[in-house]
Amino acid sequence: MILPKGDYQVWEDFSLALPADLDFGPGIHYLSGANGSGKSSFITRLLLPRLLQDPDIYSVYLEQQMHLQVTAVKAYASVIKPHRKINSEADTVDFLLQNLLRAWLERERPCYVVMDESLYAERVLAFLNGNLPSFSLVYSAHTLLLPATRTLSFKPLSPTRSEIYARPS
Amino acid sequence: MKQTKLQLICDAGLPLAGGGTLREELLLYNIPPVSLLVLSGEFAALTGKELGPDSDISILSGGQKVILMCLCALLSPARKIRFVNLWHSLDPHNRARAKALIEKLGNGREISFSEGGDDSA
Chain P
1 MILPKGDYQV WEDFSLALPA DLDFGPGIHY LSGANGSGKS SFITRLLLPR
51 LLQDPDIYSV YLEQQMHLQV TAVKAYASVI KPHRKINSEA DTVDFLLQNL
101 LRAWLERERP CYVVMDESLY AERVLAFLNG NLPSFSLVYS AHTLLLPATR
151 TLSFKPLSPT RSEIYARPS
Chain U
1 MKQTKLQLIC DAGLPLAGGG TLREELLLYN IPPVSLLVLS GEFAALTGKE
51 LGPDSDISIL SGGQKVILMC LCALLSPARK IRFVNLWHSL DPHNRARAKA
101 LIEKLGNGRE ISFSEGGDDS A
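As you go down the protein sequences, you meet chains P and U in turn. Sequence positions in the first sequence follow my numbering and run 1 to 169. Sequence positions in the second sequence follow my numbering and run 1 to 121.
Do not take every clue at face value.
Which bits of chain U does chain P cover? Going by a derived footprint, with three or more residues having C-beta under 8 Å, they are [as the list claims (entries may be wrong)]:
no. : stretch
1   : 11-19
2   : 46-52
3   : 85-94
4   : 111-118
Everything labelled a hint here was simulated from the structure, so no lab data went into it. Beta carbons are placed, not taken as given, at the ideal position from N, Cα and C, and that holds for glycine.
Go ahead and model the full structure; you've got the sequences and the hints to work with.
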């Protein structure tokens with residue numbers, strides 16, 4: 001998946017500039033930047049909409065603050081069969097990853113996992129390494145938690161604008 | 001119940017108590033209106049963002065919500081505060097600022113921290 005270079009007005013009062021195309025091919029992509037530099041906005045406003053529009057891929061998203069996601073997954077897991085009890089964020093992560101694997105085993109497609117400051121980064125990577133031959137893992141964090149193929153640095157130019165630079169890790 | 005048995009738990013995974021306006025958040029933390037100036041001043045120093053009583057705090061970034069949570073806890077009357085995953089959501093600069101704030105505003109209180117996912121207990 002390639003995100004074309006350009007200027008993106010992601011919120012009414014905040015924009016992100018991409019001086020070059022960003023390629024989210026297989027590998028680990030690390031989003032690095034200070035609080036408020038636009039990492040979550042990039043994920044929710046630019047990356048995820050494109051992933052969700054593509055019917056030929058699988059994608060899993062782990063939110064930064066997971067409480068609503070846990071509630072939604074808990075509700076979903078209670079009505080599908082076999083029933084599965086979701087009691088925690090860790091259960092939610094496991095459920096979503098198992099769901100991804102089940103779909104991939106039925107029909108192989110490129111897999112994308114996007115994590116926004118997740119507390120479960122190592123758990124997710126261990127699962128992906130153990131179960132999928134190839135995947136794109138995009139994660140944001142304030143320290144390098146996983147060995148990344150590429151780092152995307154978010155540089156605030158002003159409180160209302162940031163620029164994103166990509167470099168190999 | 002004695003106040004000493006009460007503990008304010010602030011989880012960075014759920015940083016907003018109300019999620020509406022700052023005024024509502026202050027009410028939920030039982031913060032007197034007079035502390036609004038201190039809070040908004042510290043918040044602006046940390047984030048560069050100005051907050052007023054009617055500011056919609058749901059549109060703050062994830063890290064900014066955590067900073068606000070930290071400030072509300074420190075300006076609340078709670079004597080015991082437990083921060084859960086506070087450091088995880090803050091960049092190195094804001095971690096240092098938050099530590100300084102806790103030292104400055106947390107004087108005389110019992111403050112504890114825990115980090116890790118909910119599978120790490």
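Against the structure, the hints come out as follows:
no.	hint	verdict
1	11-19	holds (count 4)
2	46-52	holds (count 3)
3	85-94	holds (count 8)
4	111-118	holds (count 3)
Consistency with the previously given hints is maintained throughout, with no hint failing.
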